[in-house]
Amino acid sequence: MQWEIVIGLEVHTQLSTSSKIFSGASTAFGAEPNTQADAVSLALPGVLPVLNRGAVERAIKFGLAVGAHIAPRSVFARKNYFYPDLPKGYQISQFDLPVVGQGALAIQVEPLSGTGQSYEKVVRITRAHLEEDAGKSLHEDFHGMTGIDLNRAGTPLLEIVSEPDMRSAAEAVAYAKALHTLVRWIGISDGNMQEGSFRCDVNVSVRKLGEPLGTRREIKNLNSFKFMQQAIDYEVQWQIGTIENGGKIQQATILFNPDTGETRAMRSKEDAHDYRYFPDPDLLPLDISNDWIEQVRTTLPELPQTKQTRYVNEFGLSAYDASILAASRAMADFFETALAAVPNETKMCANWIMGEVSAQLNRDGLDMTQCPISAQQLGGILQRIVGNTLSNSGAKEVFRTMWAEGGEADAIIEAKGLKQVSDTGAIEALVDEIIAANADKVAEYRSGKDKLFGFFVGLAMKASKGKANPAQLNDILKRKLGQ
Amino acid sequence: MSLSNTDVRKVARLARLAMNETEIETARAQLSGIFNLIAEMQAVDTTGIEPMSHAQDVSQRLREDKVTETNQREAFQAIAPQTEAGLYLVPQVIE
Numbered sequence: 503m504q505w506e507i508v509i510g511l512e513v514h515t516q517l518s519t520s521s522k523i524f525s526g527a528s529t530a531f532g533a534e535p536n537t538q539a540d541a542v543s544l545a546l547p548g549v550l551p552v553l554n555r556g557a558v559e560r561a562i563k564f565g566l567a568v569g570a571h572i573a574p575r576s577v578f579a580r581k582n583y584f585y586p587d588l589p590k591g592y593q594i595s596q597f598d599l600p601v602v603g604q605g606a607l608a609i610q611v612e613p614l615s616g617t618g619q620s621y622e623k624v625v626r627i628t629r630a631h632l633e634e635d636a637g638k639s640l641h642e643d644f645h646g647m648t649g650i651d652l653n654r655a656g657t658p659l660l661e662i663v664s665e666p667d668m669r670s671a672a673e674a675v676a677y678a679k680a681l682h683t684l685v686r687w688i689g690i691s692d693g694n695m696q697e698g699s700f701r702c703d704v705n706v707s708v709r710k711l712g713e714p715l716g717t718r719r720e721i722k723n724l725n726s727f728k729f730m731q732q733a734i735d736y737e738v739q740w741q742i743g744t745i746e747n748g749g750k751i752q753q754a755t756i757l758f759n760p761d762t763g764e765t766r767a768m769r770s771k772e773d774a775h776d777y778r779y780f781p782d783p784d785l786l787p788l789d790i791s792n793d794w795i796e797q798v799r800t801t802l803p804e805l806p807q808t809k810q811t812r813y814v815n816e817f818g819l820s821a822y823d824a825s826i827l828a829a830s831r832a833m834a835d836f837f838e839t840a841l842a843a844v845p846n847e848t849k850m851c852a853n854w855i856m857g858e859v860s861a862q863l864n865r866d867g868l869d870m871t872q873c874p875i876s877a878q879q880l881g882g883i884l885q886r887i888v889g890n891t892l893s894n895s896g897a898k899e900v901f902r903t904m905w906a907e908g909g910e911a912d913a914i915i916e917a918k919g920l921k922q923v924s925d926t927g928a929i930e931a932l933v934d935e936i937i938a939a940n941a942d943k944v945a946e947y948r949s950g951k952d953k954l955f956g957f958f959v960g961l962a963m964k965a966s967k968g969k970a971n972p973a974q975l976n977d978i979l980k981r982k983l984g985q
Numbered sequence: 021m022s023l024s025n026t027d028v029r030k031v032a033r034l035a036r037l038a039m040n041e042t043e044i045e046t047a048r049a050q051l052s053g054i055f056n057l058i059a060e061m062q063a064v065d066t067t068g069i070e071p072m073s074h075a076q077d078v079s080q081r082l083r084e085d086k087v088t089e090t091n092q093r094e095a096f097q098a099i100a101p102q103t104e105a106g107l108y109l110v111p112q113v114i115e
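Sequences listed follow chains A and B, in order. Just add 502 to wherever you are in the first sequence, counting from 1, and you've got this note's numbering. Just add 20 to wherever you are in the second sequence, counting from 1, and you've got this note's numbering.
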């Protein structure tokens, strides 16, 4: 039996504003409980929400990045439910008139099994809407009570809803990762998954090929790509097993337990989904002018997909190299800044960043934003390689010193005496000495033992303390040995 | 349109309202009256008229993204029935 998996995602992205969506309380993470819960966050009587321009601007920016229609007029609605970390008894969200309409995101799918080719796919985005986050409930031991921290209440979220376009866990993970890259790339969210800035709800259903959509179950609140894959794999097997054993799938909200690797249904409340949305009378419709949209468009950086294509077409890099260098904005900025020092050496520049720099970052457990050397500093090394001042091994030594102690390339070259000898006369003198001192080997070489060439290179390099320009040294050695 | 007592019980449960049979009957009559008014309004031909989202024909005023609130936890928690370690305490809600 051929089963098809159908997956759609709802992603809650916390927007990187300094204040809350409807009040001037701070959104900083990690504050003492309730020190950022103001009268609006607490829903004290008589308070009114006032919308944060920064939150709207970030929503517009996202919409433009996925080619979506920005609604000239959108409306906030009340989503009604009772829970102690939601003091108003409703969440302010958007319902039938969201700020961002239909868009799309191109993703590169890497098969999770390790076999098979990677491929591109376009996932349609249904909508994205602004809403406020709820507070946090702490179910630890407070004498049988629950503790409520409302610091997070009112933090701006953009909920991004996809069409059920994904057909495997690999595609779902690729989409989530692409979205995660994008929101950080355009600077609307820090995307910190540990702090809950990027949370995924995954809708999963299965059907026999060609049949209508099956009943879906929604896996809530996944905050790691690894858990997402595990949860989907488990859930798909469970659904197929249930149907093949004659059972029926009931629509449900489920949780993934990372310790057991299993999903389980939350107690389904009879009226859980009856949110009785209605337009919030405390908030007027949100008007977004064309001028504002165009102004936001000018702040949009070159997007990852565009950058990758340009790296391939303009710089002649492979698709693989381009995808790595455009994986994050920090990486791409670093590459482009370093490249500015040696504009004709794209491949060399790319290799240094993907090689030396990435390897050293890995060893030190750092990411690109924490790189101890700047792109300008690296550019300084690359310039000296291009100008023949540094040999490759010399360049690596400069790099290691720079990483550990800082400093500019030229100063390190000077201090360590790493300047490559490119003076023909000096190299010739050195080669003459070696030839004179090794008459027997020279004779062997001249009688046809070509392999000895390496031996002479070794001697000459050693004599120059590794500073002789290798290409020049080769030429001179060949010429003099051939005489 | 007329509501049944079952409809009223459902709405009451969603709104967490405890109502006895007499109250349910009263609410049913009142809510039915509201629905009748809505039905009357819906009978009006509104072809070509753009729906309003708000009674006032103005749009939302926005505030700049600035932190303007200071920590007033002590003042707010002075009126809370129970607090501990900076948290508001409520009856246990774990499922």
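Calculated from the structure, these hints are not laboratory results. Treat the hints with caution; some may be incorrect.
Stated by the list, open to error - What the simulated footprint calls covered on chain B by chain A, stretch by stretch (three residues with Cβ under 8 Å from a Cβ of chain A suffice, anywhere in the stretch; the number is not a length):
| id | stretch |
| --- | --- |
| 1 | 56-68 |
| 2 | 98-106 |
Stated by the list, open to error - Listed below are the simulated DSS-like cross-link pairs for lysine-lysine, each with C-alpha atoms no more than 27 Å apart in a straight line:
| id | chain 1 | residue 1 | chain 2 | residue 2 |
| --- | --- | --- | --- | --- |
| 3 | A | Lys679 | A | Lys590 |
| 4 | A | Lys638 | A | Lys590 |
| 5 | A | Lys921 | A | Lys951 |
| 6 | A | Lys849 | A | Lys809 |
| 7 | B | Lys86 | A | Lys921 |
| 8 | A | Lys918 | A | Lys898 |
| 9 | B | Lys86 | A | Lys590 |
| 10 | A | Lys967 | A | Lys898 |
| 11 | A | Lys967 | A | Lys982 |
| 12 | A | Lys679 | B | Lys30 |
| 13 | A | Lys943 | A | Lys918 |
| 14 | B | Lys86 | A | Lys964 |
For glycine and all other residues, C-beta sits at the position ideal for the given N, C-alpha and C.
Results for each hint:
no. : hint                : in the structure
1   : 56-68               : violated (count 0)
2   : 98-106              : holds (count 4)
3   : A:Lys679 - A:Lys590 : violated (34 Å)
4   : A:Lys638 - A:Lys590 : holds (14 Å)
5   : A:Lys921 - A:Lys951 : violated (33 Å)
6   : A:Lys849 - A:Lys809 : holds (16 Å)
7   : B:Lys86 - A:Lys921  : violated (53 Å)
8   : A:Lys918 - A:Lys898 : holds (12 Å)
9   : B:Lys86 - A:Lys590  : holds (23 Å)
10  : A:Lys967 - A:Lys898 : holds (15 Å)
11  : A:Lys967 - A:Lys982 : holds (21 Å)
12  : A:Lys679 - B:Lys30  : violated (42 Å)
13  : A:Lys943 - A:Lys918 : violated (33 Å)
14  : B:Lys86 - A:Lys964  : violated (64 Å)
Hints 1, 3, 5, 7, 12, 13 and 14 from the list above are not met by this structure, while the remaining hints are.
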